[in-house]
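Undergrad: Heads up, the sequence shown is in this note's numbering, so the first residue is 3 and it goes up one at a time.
Keep in mind that a hint or two might mislead.
As the list claims (entries may be wrong) - Beta-carbon label-pair distances, calculated as ranges: (1) Ala272 x Pro132: 23 to 33 Å; (2) Gln42 x Asp413: 47 to 57 Å; (3) Gln42 x Lys287: 43 to 53 Å; (4) Glu394 x Asn79: 21 to 31 Å; (5) Gly88 x Ala241: 41 to 51 Å; (6) Gly137 x Asp14: 37 to 47 Å.
No wet-lab data here; the hints were simulated from the structure. Just so you know, these numbers come straight off a predicted model, no measurement behind them. Idealized CB from N, CA, C, for every residue including glycine.
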Amino acid sequence: MAIDLQQVSAVDVEPGELPKTMAAWVIREERFGEPKDAFQIEEIDVPEPGAFEVIVRVMAAGVNYNNVWAARGVPVNVIADRQRQGEPYDFHIGGSDASGIVWAVGDGVDSVAVGDHVVVHHGYWDPADPQAAPGRDPMLGASARIWGYNTNFGSFAQFALAQAHQLLPKAAQLTWAQAAAPTLVGTTAYRMLHGWAGHTVERNDVVLVWGGAGGVGGQAIQLAREAGALPVAVVSDAAKGAYCEKLGAVGWIDRGDFDHWGQPPHWTDAAGQKQWSASARAFGKAIWDAVGAKRNPRIVIEHPGEDTIPTSCFVCDAGGMVVICAGTTGYSAAVDLRHHWVKQKRLQGSHGTNDSQAIAYNELVRAGRIDPCLGEVRSFAEVGAAHQDMNEGKLAPGNTVVLVGAATADDGVTG
3 MAIDLQQVSA
13 VDVEPGELPK
23 TMAAWVIREE
33 RFGEPKDAFQ
43 IEEIDVPEPG
53 AFEVIVRVMA
63 AGVNYNNVWA
73 ARGVPVNVIA
83 DRQRQGEPYD
93 FHIGGSDASG
103 IVWAVGDGVD
113 SVAVGDHVVV
123 HHGYWDPADP
133 QAAPGRDPML
143 GASARIWGYN
153 TNFGSFAQFA
163 LAQAHQLLPK
173 AAQLTWAQAA
183 APTLVGTTAY
193 RMLHGWAGHT
203 VERNDVVLVW
213 GGAGGVGGQA
223 IQLAREAGAL
233 PVAVVSDAAK
243 GAYCEKLGAV
253 GWIDRGDFDH
263 WGQPPHWTDA
273 AGQKQWSASA
283 RAFGKAIWDA
293 VGAKRNPRIV
303 IEHPGEDTIP
313 TSCFVCDAGG
323 MVVICAGTTG
333 YSAAVDLRHH
343 WVKQKRLQGS
353 HGTNDSQAIA
363 YNELVRAGRI
373 DPCLGEVRSF
383 AEVGAAHQDM
393 NEGKLAPGNT
403 VVLVGAATAD
413 DGVTG
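Please build the complete structure, drawing on both the sequences and the hints.
TA: Written out as structure tokens, the structure reads:
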């Protein structure tokens, strides 16, 4: 059956009722590769919500790099991975950010009701996981997943399936597009800055933020600013630097001014080490210049990975932390352990969000303290193209969103 993309913003059922099928952007194993080819529009059966699950009528969906990975099938074939765990579906509907309307609820759901306007956070786990018990962190459990990446039926469809605990109240002052933009990156940044005891962000901390004009970066800058810290952004040009300053960065560094990226020469290569260290020290001085004092970052917000980890660990302050949530330039990163152990630094992985972190972040958004950093707004027809542009670094600064149920980018403000 051909799908009329002009009709995606309308559905022929009332809240509380579900249609049999829906339009969805689908990835299948035989199409793994470039996102523009991997994503195809299909008509898919609408899932039924199980116990403690909810169906959300998606109004807008955020675009994140995780579904560039899903389209490629690397570093994880998410379809095969779920099938090994017993899931029957041979396709993937991605999308880890959503704003929308609660359309149907499963048994045991009492935290939201049909008709509620919500956003969806991306932390997902088995409620029976021992790590999900009160006082523990479910994102450290064996069942922890990223919704819309490790799970199916994400937000690139007319209807999405989520666990009830993932749903948070939508900020009334935001449009559907604005509300869909920041939750994954914002809650990720919140966990990075507030989730690791001994290295939670504090007033006057210097915080180095890689990719400051991107999704995680723009949220991390604002969250550091809200904590009274001094965020310094790393960007690729002056326009992005100015953008970061508007968000609260005290200064910025153009990474194009340096050439020591990637794995440094082996420690037995004295000449190579000297050359690499000179450039890394110059980068460290650029941080001092941005702050206006000889102060190294107590926290480094990392996500490029392979190209930047050696530098991050080098410039991090003694007793400080490099906290990483991704590896967009690769996963095989080198650390000079001499600096690491002597200066007693911490290299901390950070993944997803738990409920308390997501709620705390969302309250800042609802209070108007955090800008969602809405970048480009695309039509539902452009899901594949938007991921292709993200893959090629062609998107505007901020967070890209596709409209699904919302007819225009201005829809959704209620207060």
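Undergrad: Does the structure break any of the earlier hints, and which numbers would those be?
TA: 1, 2
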